[in-house]
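Trainee: So the chains spell out like this:
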Amino acid sequence: MPTAPPRDQNGKILPHDHPEIRDDDYVIRHIVSPLDLHQDPDTQITRVASGAYSESSNGGMSVDIQRWMHDDGLDDFHYLSDETGGATRIRVRELRALGLKVGWDPDSGHAHHGAVWGIKNSGFRKKIARKAETLKKAQGET
Amino acid sequence: MNFALRRYSDDDQWLSSVNTTNELSRSVARPVVLARPQLSAPTFVHNSKWARPTIDRLVALASLKDNWDQRGSAAPRADVLSFAWTILAQIMPSDGKAPVIVPLGNGGVQIEWSAPHIELEVEVTRPFEVSAFLFADGRDDEIDTDTLDEMTNLIAQHFRS
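Order-wise, the sequence lines are chains A and B.
Take 1 as the starting number for the first sequence in the numbering used here and just add one per residue.
Take 1001 as the starting number for the second sequence in the numbering used here and just add one per residue.
I should point out that these hints are in silico values taken from the structure, not numbers from a laboratory.
We put the beta carbon where it would ideally sit given N, CA and C, even for glycine.
Check each hint, because a few of them may be wrong.
As the list claims (entries may be wrong) - According to the in silico footprint, chain B covers these stretches of chain A (three or more CB under 8 angstroms from chain B):
#1 32–38
#2 57–69
#3 88–97
What the hints assert, rightly or not - Simulated crosslink set (DSS-like; lysine-lysine; CA at most 27 angstroms straight-line):
#4 A:K137 to B:K1065
#5 A:K131 to A:K101
#6 A:K126 to B:K1065
#7 B:K1097 to A:K126
#8 A:K137 to A:K126
#9 A:K120 to A:K12
#10 A:K131 to A:K120
#11 A:K126 to A:K101
#12 B:K1065 to A:K120
#13 A:K101 to A:K120
#14 B:K1065 to A:K136
#15 A:K136 to A:K101
#16 A:K127 to A:K137
#17 A:K137 to B:K1097
#18 B:K1049 to A:K127
#19 A:K126 to A:K136
#20 B:K1097 to B:K1049
#21 B:K1049 to A:K12
In isolation and in its complexed conformation, chain A is listed as follows (with noise of 0.2 angstroms):
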């Protein structure tokens, strides 16, 4: 079990750096068809906006720590919610080297769920979706 991520006098999480999320680790962002693509009309290419990267109302995008979720024998996409959604991988130290924070969330959603904080706006954005790796394309993208 990993460190207990800290917490507010709430008892909500707060943004932080986990010590078990490595830099060399990945982390999984879902992508959502058609909602996180842009196509572009000219060029009929359809590609992840950066708008994908965004964080939640809540604070924090919300990803899938890659390594742990192997360790646990699971693959990429077992927590994909549907076939025509898609997956891209970020290295956290890109994401740490931008400012943010990587950090273990397992309240929002299961065990392996982790949170990036900080993203401030679309400039962060587009230099995530600069560094994010297509592990499947969701459907619709090109």
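Given chain A, work out where chain B should sit, using these hints.
Mentor: Relative to chain A, chain B alone:
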């Protein structure tokens, strides 16, 4: 966000006259406000090529519920969608390229245009809370949103159908 839009925001409300002695005694420092009537976009906007797909997209986004992505994201806020349309109606030329509108996890939206080697992304977090970035030639530049002038010029210059 920025001064000019905040100033416009201030215009979003009309002060009403204080009309009772009792209210006056309790609200000297808190003027009563009324919502400004909503105005629809000019008719020529609705006849523009970009308008129909944009309206369709906004309507589709309005139907999303909380947790629409199974990742805990908030549903796009109605006031954000309305404000996004208000901005578009002001900055888009009639032959402008229809934007892609992407929901954000916080209830806001991101409005995007792309062309070879250049992209413009405008984030609307709340009404009158707008930021914008231009990505071109390997550079990431935050765009001045104090007024709508820079966005208007960029779209006119780079994103026409």
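Trainee: Each of the hints needs a verdict: does it hold here or not?
Mentor: Structure-based check of each hint:
no.: 1; hint: 32–38; verdict: holds (count 4)
no.: 2; hint: 57–69; verdict: holds (count 4)
no.: 3; hint: 88–97; verdict: violated (count 0)
no.: 4; hint: A:K137 to B:K1065; verdict: holds, 24 angstroms
no.: 5; hint: A:K131 to A:K101; verdict: holds, 16 angstroms
no.: 6; hint: A:K126 to B:K1065; verdict: holds, 25 angstroms
no.: 7; hint: B:K1097 to A:K126; verdict: holds, 21 angstroms
no.: 8; hint: A:K137 to A:K126; verdict: holds, 18 angstroms
no.: 9; hint: A:K120 to A:K12; verdict: holds, 20 angstroms
no.: 10; hint: A:K131 to A:K120; verdict: holds, 17 angstroms
no.: 11; hint: A:K126 to A:K101; verdict: holds, 17 angstroms
no.: 12; hint: B:K1065 to A:K120; verdict: holds, 23 angstroms
no.: 13; hint: A:K101 to A:K120; verdict: holds, 12 angstroms
no.: 14; hint: B:K1065 to A:K136; verdict: holds, 25 angstroms
no.: 15; hint: A:K136 to A:K101; verdict: holds, 25 angstroms
no.: 16; hint: A:K127 to A:K137; verdict: holds, 19 angstroms
no.: 17; hint: A:K137 to B:K1097; verdict: holds, 26 angstroms
no.: 18; hint: B:K1049 to A:K127; verdict: violated, 32 angstroms
no.: 19; hint: A:K126 to A:K136; verdict: holds, 19 angstroms
no.: 20; hint: B:K1097 to B:K1049; verdict: holds, 8 angstroms
no.: 21; hint: B:K1049 to A:K12; verdict: violated, 47 angstroms
In this structure, the hints that do not hold are numbers 3, 18 and 21, in rising order.
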